[in-house]
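Chains A and B, in that order, give the protein sequences. Counting along the first sequence from 1, when you hit position 10 you're at 10 in our numbering, and nothing is skipped either side. Counting along the second sequence from 1, when you hit position 41 you're at 351 in our numbering, and nothing is skipped either side.
What the hints contain is simulated information worked out from the structure, not anything from laboratory work. You may find that some hints are simply not true.
Covered by chain B, according to a simulated footprint, are these stretches of chain A (three or more residues, beta-carbon under 8 Å) [to be verified]: (1) 47 to 54; (2) 81 to 87; (3) 169 to 180; (4) 199 to 207; (5) 243 to 250; (6) 259 to 270.
Covered stretches of chain B, going by a simulated chain A footprint (3 or more residues, C-beta under 8 Å) [stated by the list, open to error]: (7) 373 to 383; (8) 402 to 415; (9) 438 to 452; (10) 455 to 468; (11) 498 to 510; (12) 570 to 577.
We treat Cβ as the ideally placed atom computed from N, Cα and C, and that holds for glycine.
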Amino acid sequence: MAVQSPTASAVRGTGRTRERADRRGRPRFAHWIFAGPAAVLFVVFFAYPLGASFYQSFTSTENGRTAWVGLDQYARMFQDPSFLDSMVNTGIILIVQVPLMIALALILAVLLNQSWLRFRGTWRTVYFLPAVTTLVAYAVVFQVLLKTDGGLVNQIAGALGLSPVDWLNDPTWARTSLIGSMTWRWAGYNAVILLAGLQSIGREQHEAAALDGAGTVTTYTKVIFPQLRPVLLFCVITSTIGTLQLFDENYTLTRGGPDDATLTPVLYLYKVGFQQMDFGYAAAIAWVVVAVIAVISFLQFRFFGRERER
Amino acid sequence: MSTPTETTRRGHRGRIAPVRLGRWLIRLGLLLGGVLSLIPFLWMAIAATHRTGDLFHSPPPLLPGGELLHNLERLQDSVGFGRVMLNSLGVAVVHTFLSSLLSAMCGYGLAKFRFRGRGVLLGVVLGTMMIPLQVLLVPLFQMMASLGWVNTYQAVIIPFLANSFGILLMRQGFLDFPDELLESARIDGSGELRTFYRVVLPCVRPQLGALVIFTFMTQWNSFIWPLLMLNTEDKYTVPIALNTLTGLSHVDYSGLMLGSLLATLPLLLVFLLFQRQFVAGLLGGALKG
């Protein structure tokens, strides 16, 4: 893009004597001083491993020999009960946890946006705090809270006359615990994002809707939420991607057990790749995760983004 | 004269009462939710000051006990937690510094220069945001192994220095920077790097602050990659050490809770001090796109 023109060199002549410069007087390669280091890092630590992983997903390594196996690794997944379990678990979390959490976050955001509520900043901080815990630390805390014998949650349940629950060792309850702890950590986080979205919608909109005779509920469903759509979409997509990539929480809380009830594709690929050293298969699983993320994000984008023009 | 006002007032009150009740119910709901939000923190703090055996007795301890120092001692003996905290701090600080600097530089390059390959680079930056890190794990692991970098901090830090979120956030900040100012700095004979450091960077302090805080917190939490890279206790970062403690056959729960508390405290501190910047960083992706 550095087009040399006579006027440019004249200007340059009066200023500094720099060998190569474009017409604005900046050195020709200055942009690479700034963008270069990151670009090199992207090539070495992103583009190369990305290509390598794609290639690997078509290979199999046995006894130190790597052979091309075509689509075998991908075909393997459909007969692998652990992989199928991990997909089902992810589906359950997606269907239950994401809507539950987004709904909670939306309610919280609306409540925290009420002008009559005092100490709104404090409330926001209180609800946001769970998002500030170290991922592993919060999983550890829930492990202790949910301990079957004498864990705080079971003690409270006992005080209320309920029988103790085997939170982390029963498949259904283990999923419930995972969903509960994820909701605890991320609901406030999403609420803060949605709250900022609500605040960018002016007060006038509420007043205008009220003047037109709309009640509070109608104002929100007909006027406010449609405008919140892009922010909601952001929350839904990032939460979906987070769920599809779930690892830290279930690895720490349950190691994927009991009986693979909380196994997720990423935890499974970690086990396959780094405990069984089956690199080709792990790479194939990773690419299936990428494909699923791409498809679901695209669908959500279409589905949620569609009505914006109306 | 006073009758109409009275009737309107009464009518007003009649409408207000349910609204008031509703507001109090909302306050009550918020309070309950807030308690649920905070209980794990409180329990973490209380449990860190009791013996493991006392945590699971009925009734559970509700006030701080006197075992904090003993727990700290055991935590230090089991994984050398003091060292672990310093490791985490060191890795997070170095990573945050380098990564933020790189993001600022690359964001500036993309915002203020037009050059061949700019579109491609921008595409790559956007693309990395969509590709989950897990795809890269196996080849990166093999790469680190062949470089002999396994169990070193450069392996933890370097591969993830180029941060696309940061680059886009900074680029957004630089886009508004007036070109005329750059021109006049160049006419004054200021070098490109000097201009960047002295003139441009101070103007994007809010975005830079948000990025620094966000990067620090992300790196402090970072789990799967350090878990793969670091395999001796003296190199562990906080999440890896906590994970090791949960995997022991005889889990020291109060030590673990103290460890979790110590792991969370720096984040809480950073968050409470820089809440505004933190939320700004969070929203960088949501509102500006």
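- Item | Which numbered hints fail | Violated: hints 2, 3, 4, 7, 10.
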